[in-house]
Amino acid sequence: MKITRKRFLQLSGLSLIAVAAKRMVRVMAASTSAPESTKTVRWGMAIDLEKCRLDQGCDGCIKACHSAHNVPQFADRAHEVKWIWKQPFEDVFPFAETEYTREAHANQPVLLLCDHCDDPPCVDVCPVEATWRTDTGVVTVDFHRCIGCRYCMAACPYGSRSFNWQDPRPAIPAVNPDFPTRTKGVVEKCNFCEERLAKNLAPLCVEACPEKALIFGDLEQKDSEIRNVLRSRFSVQRKPELGTGPSVYYLT
Amino acid sequence: MLVVLAGLLCYLQQLSQGLVITGLGRDVTWGLYIAQFTFFVGIAASAVTVVLPYYLHDYKQFARLTILGELLAITAVIMSGLFILVDLGQPSRVLNIVLHPQPQSVMFWDLIALSGYFLLNVVIATGTINARREHVPTSGWIRTLALISIPWAISIHTVTAFLFSGLPGRSYWLTAILAPRFLASAFASGPALLILLCFIARKLTGFDVGNEALHKLAVIITYAAAINVFFVLAEVFSAFYSEIPEYEAGFVYLFVGMGGDRHLVPWMWLSFVLSLAALVLLLVPRWRSKDRLLAAACLCIFVSIWLEKGLGLIIGGMVPSPLGTITRYAPTLPEWTIVLGIWAIGALMTTAFFKTTFSIWESNGGD
Chain P
66 MKITRKRFLQ LSGLSLIAVA AKRMVRVMAA STSAPESTKT VRWGMAIDLE
116 KCRLDQGCDG CIKACHSAHN VPQFADRAHE VKWIWKQPFE DVFPFAETEY
166 TREAHANQPV LLLCDHCDDP PCVDVCPVEA TWRTDTGVVT VDFHRCIGCR
216 YCMAACPYGS RSFNWQDPRP AIPAVNPDFP TRTKGVVEKC NFCEERLAKN
266 LAPLCVEACP EKALIFGDLE QKDSEIRNVL RSRFSVQRKP ELGTGPSVYY
316 LT
Chain C
296 MLVVLAGLLC YLQQLSQGLV ITGLGRDVTW GLYIAQFTFF VGIAASAVTV
346 VLPYYLHDYK QFARLTILGE LLAITAVIMS GLFILVDLGQ PSRVLNIVLH
396 PQPQSVMFWD LIALSGYFLL NVVIATGTIN ARREHVPTSG WIRTLALISI
446 PWAISIHTVT AFLFSGLPGR SYWLTAILAP RFLASAFASG PALLILLCFI
496 ARKLTGFDVG NEALHKLAVI ITYAAAINVF FVLAEVFSAF YSEIPEYEAG
546 FVYLFVGMGG DRHLVPWMWL SFVLSLAALV LLLVPRWRSK DRLLAAACLC
596 IFVSIWLEKG LGLIIGGMVP SPLGTITRYA PTLPEWTIVL GIWAIGALMT
646 TAFFKTTFSI WESNGGD
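First to last, the sequence lines map onto chains P and C. The numbering of the first sequence is our numbering, which starts it at 66 and goes up by one. The numbering of the second sequence is our numbering, which starts it at 296 and goes up by one.
It should be emphasised that the hints constitute simulated quantities derived from the structure, not laboratory data. Nothing false has been slipped in among the hints.
Taking lysine to aspartate or glutamate and the DMTMM-like style, the derived pairs with C-alpha atoms no more than 25 Å apart in a straight line are:
(1) P:K304 x C:E541
(2) C:K355 x C:E507
(3) P:K304 x P:E164
(4) P:K304 x C:E538
(5) P:K249 x C:D322
(6) P:K304 x C:E543
This is chain P alone, in the form it adopts within the complex (with noise of 0.2 Å):
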């Protein structure tokens, strides 16, 4: 049998067309019949804003989190990457800035990581399922399946995610051999230190904190260190009005 050209490619369409077809219905089936796993830990932070803007000049947390992580250093602020930081008051909590409370918290800086939301926009929008929340409320991300089209970046509200606009290896000082560094064109942020929770560790952050300001536990547990503090003092979250649920709470 001679196969001309156009018969070829239109067989090969169809075939084409199948094939994703029964991908799909796969797919479909599966969404539908994933099992809810019952929640029993919910890790969670609170961060004491006086106590952390005791020494203003600290970075502890954030050089242990981004020597551990190899988290590059660039200069220029479009490109940067990075994992935890420090964020004026008033970007951070617009609402609580007014004319006359200005004095009191004007460039104070708030310490800023992932959220870690409870409902994250982040993940339902990743087309290759590259983000997910862990069944421990940690919000991750697989650095070899995501194919950086930065919709989860457009989704984040509260801009925690970090994109290579470059090959990151040239500009991490010292390389951790235990962590994996990422390649050019991927997106990255904060996991919770997700290995060290693994190990019963906390995360580097809390660890790091010379004046014991944040609190990291579990949200489920009732009488957890972090539920005793939420208990008994006022806290607040970033823009809880949009209904994402973070996990990260600010103590005022």
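Could you slot chain C onto chain P? The hints should help.
The following block gives chain C in isolation, referenced to the frame of chain P:
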């Protein structure tokens, strides 16, 4: 051809160095590429403005315009696909969208909508052209597919709007009217481009789609352009009468400037003025029926919506950032070159498609 080559070279540079060669950054993460993608999905969807009257209302005058519209849609879908591809940080992993699909993501649905629309138009256009070549009437199932392509065209632009309009914290996009706005601006800019192409074709090849068809299409553009301006003004009302700062921010940044950054202000006003000017030309039947004025109006509409949707829309959603940062975004030279390269690919494809069509139609005569 040279432009395609230049675009390709710049893309190779981007592949080796990363997206650092663009003007994008941690605050403005999407820019010209995604904006152009959105704009060309609109051009693709706008084929419905000729397909619907022809197949649904049996409006015979649109016979020639319809096949051209469908071919333009095919080109536009390919262009929008290319714009997505060049925006990816890891384009070699693009197949992960098929290997690990995620039905929760609107991007998954956009892929289905766009590839389905592409297939529909390829089959319809080839079927129509083949029928024409062999002097037989278009078969019934092609007509059925054409009818399916009508709601499908609406869906591609709706789903593309949903990419943006469902994100918390991006107030400039977080509006239920975004999809209707997209459709209105598409149904103005797409046919405007088609009319311009028809004028050029008539001048260069003598192929005439017929004055009556062009003027009918001009009426469709008039409606769409008027509705588009109305939708934008409705958005402006909600934002500024409610005075909710985050809803105002996008408009303020684009039309007034914010934090000392005004570099987009003249362009956004130019877009608005061009839209109004085009409306004036189009609303008066005597002016709209003059070829020269109609061409001018179409050019105004096309440029206006290109500025609004192919540039402003994305940047207005990105600036100010979720942390209130104002970042000036200007596409770099390599970024523009890649965009121009994709435009050149589109122009080449359109020329090839249209020329094939013209030769088949001319050799067969009649409609």
